[in-house]
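Q: Sequence:
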Amino acid sequence: MLTTPDIIELFKRIKWNSFHSWVPFHNLLAPVAASLAALVRRWIKRRQARLAQHWLVAEGQVQSIDVKAGTKFFGSARQFDATFKYSYSVNDGGEVHYYSGDFSRPFPDKERAWEWLELLKNKRIRVHVRPGRPEISAVLAADLDAHYSLPVRTPSDFVLSPSGTRPE
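Under the numbering used here, the residues of the sequence shown are numbered 963 to 1130, in order.
Keep in mind that the hints were calculated from the coordinates and are not lab data. Keep in mind that a hint or two might mislead.
Derived DSS-like pairs (lysine-lysine); straight-line CA-CA distance at most 27 angstroms [what the hints assert, rightly or not]:
| no. | residue 1 | residue 2 |
| --- | --- | --- |
| 1 | Lys974 | Lys1030 |
| 2 | Lys1072 | Lys1047 |
| 3 | Lys1083 | Lys1072 |
| 4 | Lys1085 | Lys1047 |
| 5 | Lys1085 | Lys1030 |
Could you build all of it, start to finish, from the sequences and the hints given here?
A: Right, here's the structure in full:
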């Protein structure tokens, strides 16, 4: 029968190589942590969007647009993030205060992201402002989709003529 001192002595005899013992742990921990962080981020965004539905509404304007390549995990298709910055003003007791924010939405391809952003360029949008804290704002995807939605693509949109251009 092994006693505690015998077990401790056995562990002392093992030659621990710290690099090799951490590699499997690291290979498992990094993807799990990234997935968990993404889930928490999505949950926070959904929660803020639910709360923002009941906030005050201000008129904002899209200031700048950009498309960036999103992250790609484990063989999944790369997403492209269509991002725009907006500004809005809040009238607080006769004084006008100016604020800004940004909004991002993923798209499966870069062309579709730019197409959507071009619809929004220099347009007026609804901005939901948190009561008592006007520097906190949210733009809801439902508000944008109601006014600036892209047309649904059909299979004929993908047909190219032999010359490589779209048939008219």
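Q: Indicate, hint by hint, whether the structure satisfies it.
A: Checked hints:
1. Lys974 with Lys1030: At roughly 52 angstroms apart (the allowed maximum being 27 angstroms), Lys1030 and Lys974 break the hint.
2. Lys1072 with Lys1047: Measuring from Cα to Cα gives roughly 18 angstroms; hence the hint holds.
3. Lys1083 with Lys1072: 16 angstroms, holds
4. Lys1085 with Lys1047: 12 angstroms, holds
5. Lys1085 with Lys1030: 21 angstroms, holds
Consistency note: the structure conflicts with earlier hint 1 alone.
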